[in-house]
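Number of protein chains: 2
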Amino acid sequence: MRLAELSERSGVSTATIKYYLREGLLTPGRRVSATQAEYDDEHLRRLRLVRALILVGRVPVARAREVLAAVDDESTGLTGRLGAAFSALPRGGHEAGQDDPATVDAAREVEQLLERLGWRGAREIDNRSPEHHSLVASVATLIRLGYACDADLLLPYAEQAERLAALDFEALEGYPTAVEKIEAAVVYTVLLEPVLLSLKRIAQENESARRYGVG
Amino acid sequence: MRLAELSERSGVSTATIKYYLREGLLTPGRRVSATQAEYDDEHLRRLRLVRALILVGRVPVARAREVLAAVDDESTGLTGRLGAAFSALPRGGHEAGQDDPATVDAAREVEQLLERLGWRGAREIDNRSPEHHSLVASVATLIRLGYACDADLLLPYAEQAERLAALDFEALEGYPTAVEKIEAAVVYTVLLEPVLLSLKRIAQENESARRYGVG
Numbered sequence: 000m001r002l003a004e005l006s007e008r009s010g011v012s013t014a015t016i017k018y019y020l021r022e023g024l025l026t027p028g029r030r031v032s033a034t035q036a037e038y039d040d041e042h043l044r045r046l047r048l049v050r051a052l053i054l055v056g057r058v059p060v061a062r063a064r065e066v067l068a069a070v071d072d073e074s075t076g077l078t079g080r081l082g083a084a085f086s087a088l089p090r091g092g093h094e095a096g097q098d099d100p101a102t103v104d105a106a107r108e109v110e111q112l113l114e115r116l117g118w119r120g121a122r123e124i125d126n127r128s129p130e131h132h133s134l135v136a137s138v139a140t141l142i143r144l145g146y147a148c149d150a151d152l153l154l155p156y157a158e159q160a161e162r163l164a165a166l167d168f169e170a171l172e173g174y175p176t177a178v179e180k181i182e183a184a185v186v187y188t189v190l191l192e193p194v195l196l197s198l199k200r201i202a203q204e205n206e207s208a209r210r211y212g213v214g
Numbered sequence: 000m001r002l003a004e005l006s007e008r009s010g011v012s013t014a015t016i017k018y019y020l021r022e023g024l025l026t027p028g029r030r031v032s033a034t035q036a037e038y039d040d041e042h043l044r045r046l047r048l049v050r051a052l053i054l055v056g057r058v059p060v061a062r063a064r065e066v067l068a069a070v071d072d073e074s075t076g077l078t079g080r081l082g083a084a085f086s087a088l089p090r091g092g093h094e095a096g097q098d099d100p101a102t103v104d105a106a107r108e109v110e111q112l113l114e115r116l117g118w119r120g121a122r123e124i125d126n127r128s129p130e131h132h133s134l135v136a137s138v139a140t141l142i143r144l145g146y147a148c149d150a151d152l153l154l155p156y157a158e159q160a161e162r163l164a165a166l167d168f169e170a171l172e173g174y175p176t177a178v179e180k181i182e183a184a185v186v187y188t189v190l191l192e193p194v195l196l197s198l199k200r201i202a203q204e205n206e207s208a209r210r211y212g213v214g
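Chains A and B, in that order, are what the protein sequence lines are.
Going by numbering that gives the first Met the number 0, 44 is the number at position 45 of the first sequence; the sequence numbering is gapless.
Going by numbering that gives the first Met the number 0, 46 is the number at position 47 of the second sequence; the sequence numbering is gapless.
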């Protein structure tokens with residue numbers, strides 16, 4: 000398809016598509032004449048991913064380029080590529096604390112939690128993963144504010160998180176290639192996180208009505 | 000306790016506490032002399048809530064005042080107070096769309112979802128709740144970007160959200176008074192949302208390792 004059709008099918012203006020091409024977020028189309036290039040469904044798919052990252056994930060262009068590079072890096076396995084793509088995504092966590100007592104406590108509780116869960120990736124990712132840092136920082140904030148937050152409290156949440164992750168990967172099975180799987184994983188992570196939090200808050204309203212009555 | 004002790008026990012500077020007092024985020028202490036006031040455990044607890052809202056929830060001071068007013072409003076039931084407090088919390092959603100086709104589709108899918116779930120609160124909150132708007136806007140974004148997002152896809156996530164909400168409310172049972180219940184609900188919502196998303200991403204790494212191998 001030509002640029003105009005790519006724009007129409009994606010709902011993204013030609014000016015924006017040209018900007019993404021210049022920034023290396025989209026691979027160039029196949030030249031068919033001095034002034035025209037041909038684009039395919041892969042461009043359309045990639046364009047959706049770029050929009051999800053930038054519009055919804057509010058990922059800066061340079062960061063989006065890192066995510067895409069991780070998606071495309073065929074030198075490593077699927078888990079490594081997913082991990083690299085995810086590690087470039089923004090997260091809601093807090094600034095990682097210093098080695099204050101709350102952070103030390105939080106790190107110990109998180110370690111104990113991961114051990115009890117027996118998550119296979121946990122040992123490998125451990126201190127390298129930005130998610131791990133993020134989790135420790137969030138737990139440390141709770142502890143610092145005087146709220147109980149130990150492995151016992153976290154365990155049932157982690158078990159639910161495990162089921163949610165399984166749901167995500169179930170959905171990925173439908174995508175045939177590694178690139179498509181990783182793209183879909185990134186998109187669903189970015190787009191379904193706000194959906195999940197909205198659903199949880201609505202569920203809280205419902206649970207409240209159930210327990211304490213309406214009004 | 001005196002201001003100095005309140006500061007020490009909460010880890011919040013006296014200058015900041017005085018600022019919160021001026022802004023009406025904390026009720027004044029009991030005057031014991033011309034220059035001294037006495038604070039109690041209720042002040043300490045409220046101070047933690049204020050810190051959670053402002054530091055972690057990044058709630059502006061004026062919004063924090065609204066949340067606290069809702070927490071303290073004894074004229075309405077627990078569910079109404081919870082709902083009012085939650086509605087003043089920030090949410091990760093997107094700007095509510097116009098009545099474009101994607102938003103119309105999204106509203107229909109969300110309605111169908113809530114009907115299938117049979118959430119009791121759902122009918123009452125429906126169009127009034129900011130969470131409902133937020134959910135419709137997020138789903139509309141997915142649809143607009145060309146990703147499938149219907150009631151079938153959302154249902155298992157909603158069921159997990161239901162379990163997560165039940166966990167939150169389980170934890171609330173330990174708090175004796177209505178005010179403490181609502182305070183705890185707000186704090187755990189603000190503080191546990193980033194924890195949950197971190198856990199989900201770590202669970203994804205684990206699930207990926209399980210399905211596709213490490214590396």
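In short, the hints are calculated from the structure, not lab data.
Just to be clear, a hint being listed does not mean it is correct.
[Said to hold, decoys possible] Now the stretches of chain B that chain A is said to cover, found in silico as 3 or more residues with beta-carbon under 8 Å: (1) 0-7; (2) 14-20; (3) 30-39; (4) 47-58; (5) 61-75; (6) 199-212.
[What the hints assert, rightly or not] Sample of chain A residues lacking proximity to chain B, with all beta carbon distances greater than 12 Å (derived): (7) Ser12; (8) Val60; (9) Arg143.
Keep in mind that this is a model prediction, so the values were computed, not measured.
We treat Cβ as the ideally placed atom computed from N, Cα and C, and that holds for glycine.
Verification of the hints:
1. 0-7: Per the Cβ count (0), the hint is violated.
2. 14-20: The restraint on the stretch 14-20 of chain B is violated, since only 0 of its residues have a Cβ under 8 Å from chain A and three are required.
3. 30-39: violated (count 0)
4. 47-58: holds (count 5)
5. 61-75: violated (count 1)
6. 199-212: holds (count 14)
7. Ser12: Non-interface label stands for A:Ser12: nearest chain B Cβ at 14 Å, farther than 12 Å.
8. Val60: With a cut-off of 12 Å, A:Val60 remains clear of chain B, as the shortest Cβ separation is near 18 Å.
9. Arg143: Nearest chain B Cβ is 7 Å from A:Arg143, so the label is violated.
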